Amino acid sequence: MSDIDNDLRNQSRRQLLKGALVSTAAMGVPSLSNAQSIVSDGDKDSGSQVAAYVFLTPAEASFVEAVVDHMVPADQLTLKGTDLGINVFIDRALDGSWGKGDRMYMQGPWQVGVPSQGYQSPLLPSQLYRAGIAGTNQACEKMYGKSFDLLDPAQKDEILKLLEAGKVDFDGGLSSKTFFGVMYQSVVEGMFSDPIYGGNANKAAWKMIGFPGASEVNARNIVEYKNKRYSPKVMSIADLS
Amino acid sequence: MTKNFSEVDVVIVGMGWTGGILSKELAESGLKVVALERGAPRSAEEDFSIPRMRDELQFGIRHGLMQDLRRDTLTIRNNISQTALPMRQLGSFLLGEGLGGAGVHWNGHTWRWTDMEFKIRSMYEERYGKKFIPEDMTIQDWGITYKELEPYYDKFEKTAGISGKAGNVDNKIQEGGNPFEAPRKSQYPLPPLETSLACDLFSGAAKNLGLHPFPMPTANASRPYTNPDGAKLGQCQYCGFCERFGCEANAKGSPLITVIPFAMKQSTFELRMHSVVSKVHMDKAKKVVTGVSYTNLQTGEECFQPAKIVILAAYGLNNTHLMLTSGIGKPYDPVSQKGVIGKNYSYQTGTGATLFFSDKIFNPFMSTGGLSILVDDFNANWDFDRSGPQFVGGTTLNGGMFGGRPIAYHPVPPGTPRWGKPWKEAMSKWYLRSMSIGSSGSVMANRYNYLDLDPSYKNALGQPLMRMTFDYTPNEHRLSKFAAQKINEIAKSLNPEIMTPASPRTGPWSVVPYQTTHNTGGTIMGTNPSNSAVNKFCQSWDAHNLFIMGASLFPHNAAYNPTGPVGALAYWTADAIKNKYIKNPGSLV
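In order, the protein sequence lines correspond to chains A and B. Letter by letter, the first sequence follows residues 1 to 241 of this note's numbering. Letter by letter, the second sequence follows residues 1001 to 1589 of this note's numbering.
These are calculated hints, taken from the structure and not from any lab test. The model shown is predicted, which means the values in this text are computed figures rather than measured ones. Mixed in with the good hints, there may be bad ones.
Said to hold, decoys possible - Derived list of chain A stretches under chain B, where covered just means 3 residues or more per stretch with a C-beta under 8 Å from a C-beta of chain B: (1) 80-87; (2) 103-111; (3) 142-151; (4) 169-178; (5) 196-209; (6) 218-231.
Backbone N, C-alpha and C fix where the C-beta goes; we use that ideal spot for every residue, glycine too.
Pulled out of the complex, with its shape left as it was, chain A reads as follows (with noise of 0.2 Å):
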């Protein structure tokens, strides 16, 4: 089976899984090698995308696919962000147990303490997602008279970097610093994680950076490949089952 043959069957099997719809453009990306000419043409026709979400509101689902785009643009190295699935991966993220604050220690009393205490908000990570959201569009509505998934390139760029360095002021007194850097992860999780959550579809943040993925046995590959580019078929979770 051809590398593409066998792409396009997880990815086939990936939009049953997960009944997320990726553009066709996506499953036309073979490998990094020839991709820039597929990923160029795969553009144009990927206004016809549709994802279906689970937690993200209409509003809130805008904002995701604003975000990600934004920060994982399309270019010769891969689809955008949203082609990438990132924004299904993060409605997935939320909606699950991560959201929904698993392992986390949630008693009270609670007091912002200092930052070397770390995370204090007694919001889950999916309620304070949410309220970022809300914040953030906000924070928009009154620097630009529109939500963030309006704004210019610019624009958004100006409000992130406000958010990273926390000078947003979000109504109620949630930081806006602790919500960039949850939503940055989630981003970064997004592309890089496994297929199986829903991101990184085709696997093409992997091929992106020359990450092999899932299935590596390198005791004769460390010897072998020393300084040297090593290119095996990229397998997902999912290409192993």
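Please build the complex by placing chain B on the supplied structure of chain A, with the hints as guidance.
Quick look at chain B alone, frame taken from chain A:
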């Protein structure tokens, strides 16, 4: 209603490396042993199977093999004037849970701590004078010697299948090994691992600067191996999923595949899972302990297991917590400096640089838990003069990466935007083309760094959480500055195209970013009851039939990883119980 079991010879709390070693050794000697483990059973065949185990999100990022903080955590503060708040998510250190404990997800680095640590106060005072040690630095001699521990280090190395290159066998320096290690009786059981390009570059640069590079001694089997007990280890496959993961190839020396199955073979041994111990009981005369109370987490049932000997073999922090909640020994107070339980909590001091070379390919994903080359010139080398940089302790320096899992590892040059096309381009360009040089430094005990019970927060059993009060002191800041200088000197000599230099640490210790799971102190070893919780046989000064294992025994923390002495002290204590204590129960010193 409490379910009462009949008395056994030994009850062991926790089933990681030390619980496994003690269980095997004592059950094989004919003693009736019950071990209690709070977590779930697990096996390599099932739990660490491929592709399940190659899931960075679940195990590397979401900490799938670690302690569930909903049930228990610690509170954290930097100094006694702050209000401690709960560690609500894992970060700076990762507490293990389940059969095999942290011995399942460790990297494998296995060192022999030397007399430089065991006689730290006397050696520094002799060489540098009493005034060299700051007044608030509460370091002390341990009461044990390297010579006493040597056979037990050897035994642990052979059990775990350590790959490495000896540097000093019977006082003969061995080419390619660590010339500063204490004399050993024998070579490591396995040859060192293959090297990566990062290892080779670090090694060459270190040699050019007159330093003495050698491969990390580590429990990643460089060849298939059968240990002296008959446990079979596979060959390491350099898969890059080592630390935070279980090994599907059984190539990582772990209690799960070595000591525990041998304990299980004994008819005198019983293991009870999902059993979280809440209290060690003392008799009315407060001379001996009588057994432990625990909760069966599957039924909620409260149980009492009486025993002639109680051994605390949980993670060091949990051993200290159990001593505090049981009210055994006097809790340490940093103001009066009275009491011993919770005293001398210590950590480690690290920093690192990233080097970017567009003409080299490092393949960071081809790696394993201990794949690095180190120099010990600024640590175990006693001739290294600390009076210049003005610190007590030392630091190892190392070159190499332990894996290239992409959520956590996608290095980009300084100044790269954090999103957008330039970010993607930088990750794409540099993922394969960068390497790291790092350091692992000691932390000396300080009177204000300690563990006690939190006044406000409770765990799921309704007990107070343990409170950790810790920050770095000027001694560690000087050490960190020195380590950063040395790292940058080595890094610059390699002429990288771009470099993120190592920086000395600044600001307070933070619980947020991962640093190291080498938490030491709390139930420390010493020469008398006024300065320590246990004697050199890890035997409580307050109850002669109570023994404590793990890095909570360490009166300070060294640059080296703790598992070597943790394993050696477990074998040493097993011998002391079998050969001395059983024949004549009472204080062994």
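Hints and how they fare:
With 0 residues having a beta carbon nearer than 8 Å to a beta carbon of chain B, the region 80-87 of chain A misses the requirement of three or more and the stated coverage is violated. Figure legend: the region 103-111 of chain A, annotated as covered by chain B; annotation consistent (7 residues with Cβ-Cβ distances under 8 Å, at least 3 required). Remark: the region 142-151 of chain A is not confirmed as covered by chain B, as 0 of its residues place a Cβ nearer than 8 Å to a Cβ of that chain, below the required three. Coverage of the region 169-178 of chain A by chain B is violated in this model, with 0 residues showing a Cβ closer than 8 Å to a Cβ of that chain against a need of three.
Under the rule that three or more residues need a Cβ within less than 8 Å of chain B, the assignment of the region 196-209 of chain A holds, with 6 such residues. Under a criterion of three residues with beta carbons nearer than 8 Å to beta carbons of chain B, the stated coverage of the region 218-231 of chain A is upheld, 11 such residues being counted.
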